[in-house]
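Engineer: Residue strings, one per chain:
Number of protein chains: 4
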Amino acid sequence: MKPRIEAGVLGATGMVGQQFVEFLQGHPWFELAWLGASDRSAGKKYAEAAPWRLAGAMPDSAAGLTVEECKPGAAPRLLFSAMDAAVATEIERAFAAAGHIVVSNSRNHRMEPDVPLVVPEVNAEHLQLLTEQRRRRGWRGRIVTNPNCSTVVLAMSLAPLRPFGIRRVVATTLQAISGAGYPGVASLDITANVIPFIAGEEEKMQQETQKILGALAGNRVEPLAACVSAHCNRVPVLNGHTVTVSVELEGRPGVEEVRAAFEGFSGVPQQRRLPSAPARPVVYMAEADRPQPQRDAARDRGMTVFVGRLRECAVLTHKYVALGHNTIRGAAGAAVLNAELLHSEGLLGS
Amino acid sequence: MKPRIEAGVLGATGMVGQQFVEFLQGHPWFELAWLGASDRSAGKKYAEAAPWRLAGAMPDSAAGLTVEECKPGAAPRLLFSAMDAAVATEIERAFAAAGHIVVSNSRNHRMEPDVPLVVPEVNAEHLQLLTEQRRRRGWRGRIVTNPNCSTVVLAMSLAPLRPFGIRRVVATTLQAISGAGYPGVASLDITANVIPFIAGEEEKMQQETQKILGALAGNRVEPLAACVSAHCNRVPVLNGHTVTVSVELEGRPGVEEVRAAFEGFSGVPQQRRLPSAPARPVVYMAEADRPQPQRDAARDRGMTVFVGRLRECAVLTHKYVALGHNTIRGAAGAAVLNAELLHSEGLLGS
Amino acid sequence: MKPRIEAGVLGATGMVGQQFVEFLQGHPWFELAWLGASDRSAGKKYAEAAPWRLAGAMPDSAAGLTVEECKPGAAPRLLFSAMDAAVATEIERAFAAAGHIVVSNSRNHRMEPDVPLVVPEVNAEHLQLLTEQRRRRGWRGRIVTNPNCSTVVLAMSLAPLRPFGIRRVVATTLQAISGAGYPGVASLDITANVIPFIAGEEEKMQQETQKILGALAGNRVEPLAACVSAHCNRVPVLNGHTVTVSVELEGRPGVEEVRAAFEGFSGVPQQRRLPSAPARPVVYMAEADRPQPQRDAARDRGMTVFVGRLRECAVLTHKYVALGHNTIRGAAGAAVLNAELLHSEGLLGS
Amino acid sequence: MKPRIEAGVLGATGMVGQQFVEFLQGHPWFELAWLGASDRSAGKKYAEAAPWRLAGAMPDSAAGLTVEECKPGAAPRLLFSAMDAAVATEIERAFAAAGHIVVSNSRNHRMEPDVPLVVPEVNAEHLQLLTEQRRRRGWRGRIVTNPNCSTVVLAMSLAPLRPFGIRRVVATTLQAISGAGYPGVASLDITANVIPFIAGEEEKMQQETQKILGALAGNRVEPLAACVSAHCNRVPVLNGHTVTVSVELEGRPGVEEVRAAFEGFSGVPQQRRLPSAPARPVVYMAEADRPQPQRDAARDRGMTVFVGRLRECAVLTHKYVALGHNTIRGAAGAAVLNAELLHSEGLLGS
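Protein chains in written order, with our numbering: chain A, 18 to 367; chain B, 18 to 367; chain C, 18 to 367; chain D, 18 to 367.
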């Protein structure tokens, strides 16, 4: 058995950081060996620095680690970034410059032209931007990003439809509270309520989707020409973002043809049997009232996007509902799958 | 002071029936004098026949009424119908034939060509269908209907936009559990969950909206030509249906122009100062994250539709969020306002 | 008509402050004329300084007031205090020294021996402590307090039982999230969850109940000798604290006798018809499954405590469930009723 | 590897039946081989007969089984009963008479003097009642029961305290909606609400606790002499019953001594390493605000009871909060552990 690759987490004490700690437990390739956080936490045991917010107990293997400052040095080469957007730009760049592979969930670098924004089943080939990244930035390391938690649900559900020609997309999200971190949404704001606004979310969904579904054109990505319009809402759900989607498909395929496209969809992670890859990235549910976040989001370790209710749309051509686990497929799991993709490409070094 | 007009409720023991009982308390024109329900309840005092499901206590004036069978006879001329769809067709027709004015919240007759489907601020003139109704049916009485609870929110928010030319509408609802009656949605199905399906709801929203916004053409209504596509979802909210709307307006007005249309909208109930008419049927909220069902749906006695977040849509031309109280503006209050409109037209008789 | 008495609110921008602003709307005796808050808010219009957290809209009459610093001077004589505990001690004393009548909802002075802790129906006579307060403190003004939001539910439900001899009380609370202020409880902590701990709450329930139910003995209150043991829990409810109570009554009355005591209970506010007094301070509900916070807490303007399910207890002698609206009867309404009591005693001056 | 023992489920289509189906997946000793339900379902595939209500998907191994009528005959010897109380008495007796080992979660036989009501860690020795059962009833098979879902949490938390002498117990429950089956509690009744009543629950908690903690006296159980008083409430939680407990311990041990008793508690399932036994039946959580149902109930496969907040009680001697997973440790898991206990005693035959 090969020794596992050591990995660290930047911003380990926050909610996304905790999700990385949890998701990496028992990972066959990566071994959680380093936890970085703010100066305030540095020097403390993780168990003291990070009140555990997830269900269940803090993993023992993490509890005993000492939290370090987020400065290049003793950290492992592979780092997952759960940095807050306020500080991620500078810190991620410092680590990349110092030779680290920064696999980031932060939004800061996603839209940079030379930073891959990757969903491995959808656009693994965008990793080729890394050549341009190295050329431009002169970093010894790299930064690779995954999309925003609601984007990933939309993008993965659209990916199987690319052969039909995606022209226009109207999407409405019903997003879980865990997407807002901790303390995040006040209970007085969301109990038995809907908040029809999430700052910056609609722009991210629109732009990131176009980049992810865009075509690699030499050293850059040509964004998908399709228009995307999003309505983002917070609902009182713990985990799982639901998205209703109306889409215009140029080829005007029949409903059965579109359903077959969802069901037949697969990608690089499935071909290479990456450890965190779900058996099928998109699962179509035939029941009239599914998928549902409380019942479905956590299935298959939270890495599958579920689609249902495919039917014709009176305005565009088709409509359906999609669901994904926002803190797993939409955050920690997304980044870990990106790192697995990098490793399968030989990009994590020996 | 003129004597009040006696009114009755068909289907008084169910949830919508209870909402009628509550909404009619203290009504300046109508006096609740008769309660009809199934044979099982007939003969009991209302307090015994109907376990009260609404917040607060059952109104004393109703508690002591004896529940009657739903058969024409001693019932008042004006009847509000909260009949279950399974029995509404036959019973409502029997009462109409016998000379009663049936102001119905049931879905059964809404799409009949000679039955007005009315939101008084939007299409008061559709009452003219009653002439055709009498001609065709030969009833001494009449049936007038109000729309489904999610339709009314959409239709009222679209009405101010008619001058711009409505061409296409994509709407996603986030509907409260009270819309499903009692016992309605099982708590195991909706607690911290979303159910992305409500049987028959999308069809109703699409067809009813086209009829309400349609033009009266002689003895019939020409449906609005615009396509309407709806995605209907149940969310864990008590009262208030939220609807995200993308709309294509032919005239491509500026955002400020559209907002002014919302703000300037008014209708017959406001002109005639009908007792249940809100000061303004549509209120635009400028706050970034409003309207919200828990905080806004019950304002203005639940009769106002709130609109917010108006902005450009990358796919159609404009988008916004709308909210209305589903059991008041979407049910009991809607029907009572219809009866007030009828009375203001002299259609309730002496 | 007599001119109304001007009143102000200390700490007007927080949640309790907003509840004062709302509860005072249309008050027949008191006119909201002054709003004090932190330096950060001072000088702004209330509408700008205080994002409105309550259902519905901010009252227009308050929206236009300019927020002032919390320093004695131009403030009206009568002040309601919603100050945060961190600063209430000093500020309330400064105002009392300067001649203001401070009717406080803050916990800081409740247990001071010379400060009345009053529920008007229960211990109006404790206002006599004000003589001792003036003697000891030398203030020109006064401080009067109301209890913690869960205490008031317990104390009001116990008050009718005093004639039977209260010896021991075991109480478990199921408290609403609005009791924790804003942002208060994180939604991730309470959605579909119970938090079995509220800092300081059990101590307050135990000590305050003993003081409120204690006997005035000259210039001090002799605490009730009964032991009180509390278990405090947060539950996902918006408004209304539910309390299960087991009590040992020395006289071992029959259940019917105890129920009659609840039903016959009345106090000074009812005798004097104080404007905010409910018709009956304690209402017994005979239904098997009531009271319930969502359905009952807001009845009677939120000023009534509801009791139900009275039965024998196998360990102590009796048990029941009690419910009260925590932000009204447990905060703003409690203080306003205290001010009304003061006015009815001639203690607000001319 | 020994062949697994075939097992069936009576009442397999209901909620508890589904929990048995789920919990038995991958069981090392028992193999789910037979599903019984009402005549209405008999003859259908399980996937058609039982709309799956639990999170995730119906186990494939069950989906393809044909549902049988609940009549002795082809069923395996070992049967788990999830029968509705309305029919359980007759059916369970028929199967026991016919030679089946009925391990029942139904309430019907729990309080029969010759039927063991067993929590394996607490009163494994009560299985000796089976001798008396066979003598009295003349059945070739047997009936063994597990307690009600809230009882098991209380009883397991009290068991470690027996050495101190339990004299009196006051308990208040905050029970999850999944305890009421499907459709169970209407969402309109429990959303953002508390229902302070569960029919029959308080009686069960009181009587069953006394039987479980009672002493075996020859061919019968002498109930624990301690008085138990329960207040039962439904709260909007999905899984996990929380119980606040005040207890009077004769020996008046110190808090540390009581905590050590919780932490040192273990039983027969742990000694024999039964497959479904948790490492420790009772886990004490030191955090100030734990255990919590959303975060803790499902830990350790839902078989552990968590205790926290142990402190002195001003009325009895000690108080604490306990939590257990109501559908696992309180239903399906409880019965499966009982069957494992029976097997470890050689009572399932070869």
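Everything labelled a hint here was simulated from the structure, so no lab data went into it.
Among the clues, some could well be false.
It does not matter which identical chain is used: a pair holds within one copy or between any two.
[To be verified] In silico lysine to any residue, SDA-like type, Cα no more than 20 Å apart, as pairs:
#1 19 / 94
#2 61 / 82
#3 19 / 365
Engineer: All hints are to be evaluated individually against the structure, with a verdict given for each.
Structural biologist: Results of checking the hints against the structure:
1. 19 / 94: Classified as within; 17 Å inside a copy, 48 Å across copies.
2. 61 / 82: within (8 Å within a copy, 48 Å between copies)
3. 19 / 365: within (15 Å within a copy, 46 Å between copies)
Violated hints are absent here; each numbered hint is respected by the structure.
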